[in-house]
Amino acid sequence: MAHAEGQQHPIGIYLKIWGLLFILSTASYLVDYFHFQGYLRWTLIIVFMLLKAGLIVSVFMHMLWERLALMYAILVPPLLLLVLLGIGSLEADYTFFTRGVFFFKH
Amino acid sequence: MPTSAVEPLPLPEGLQGIVADWSSDQRAFKKVPWGKAMMWIFLVSDTFIFSAFLISYMNVRMSTTDPWPNPGEVFALTLWGNRIPLILIAIMTFILISSSGTMAMAVNFGYRKNRAKTFVLLLITAALGASFVGMQAFEWTKLIVEEGVRPWGNPMGAAQFGSTFFMITGFHGTHVSIGVIFLIIVAIKVLRGDLDRQKPGFLTGRKGNYEIVEIMGLYWHFVDLVWVFIFALFYLW
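Protein chains in written order, with this note's numbering: chain W, 1 to 106; chain A, 107 to 343.
No wet-lab data here; the hints were simulated from the structure.
Using N, Cα and C, we set each Cβ at its ideal position, and we do this for glycine too.
Hints may be right or wrong, so weigh each one.
Listed next, the stretches of chain A that the computed footprint assigns to chain W, with coverage defined by at least 3 CB atoms under 8 Å from CB atoms of chain W [to be verified]:
id, segment
1, 141-151
2, 247-259
3, 312-326
Taking lysine to any residue and the SDA-like style, the derived pairs with C-alpha atoms no more than 25 Å apart in a straight line are [unchecked claim]:
id, chain 1, residue 1, chain 2, residue 2
4, A, K219, W, L80
5, A, K248, A, F335
6, A, K137, W, H9
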């Protein structure tokens, strides 16, 4: 029974994803190399990061072919981290503000 | 009448499938060996650990009033007379991605019972992982000895740079090192044919099976995944 449960896919798909990951990594390195700044920089970095993460999880880690029960059990809980992200940035803004008021060296 | 002639009902798909799987009064994760489900659950917990590190890094970076050192400058290397920003980190990124590629192929050849190719690919993965750790050791040495970066301060700006850098990359490097050891163990098992003969494992006593190569692969791809986030958020930001 257990043997029938393995994930079997053609080698070609791994090679294609490998190539895509190389291209995306080069692209994100070039963002730094060409000194893109501001919103363009952050947008490109985040987009390339999420694309790479998506390719690794869905193809290399075979999430694409798993049943939805496993997919949701693994991918939904990390969304909670967005709350922590929000709280963290709110708190950081406040800390920065109070440091500016009380400790800023001129 | 032999029971083997009775075909099991196909599993429902979609949202109905989720409800059916979870309410089946059996194992919830169908068509997945339990070791793999457990590895996934471990990886979720590890995701929370690394996210906690990265979010606290965001917090201290946003709240410091000192300028943050420019990672492009700090991690630049002079090669053949040219100062290239972040070059070592870029090489490390490509090495880790390549190791993920060889790992994925090792899993594939494992399920095809191709022992020789699986063994070689696992060994290449381990070698790439070890070279990644070696480059990280070089990077840390350069940062500590030449740049004077300490967890409590550095000459270039915000003191939090050192503490978050050593914490995050150190934890990731530990994961890579453990992965390399884990890879070598699995590679030896493949080479000896333990997985074909279903030899019970030394620690767990579970029957050998090529699933362990895929489970090992999940861990290794996760290490690569974490590096994707560290590379974007720490080095490029």
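List, from low to high, the hint numbers that the structure doesn't satisfy.
2, 4
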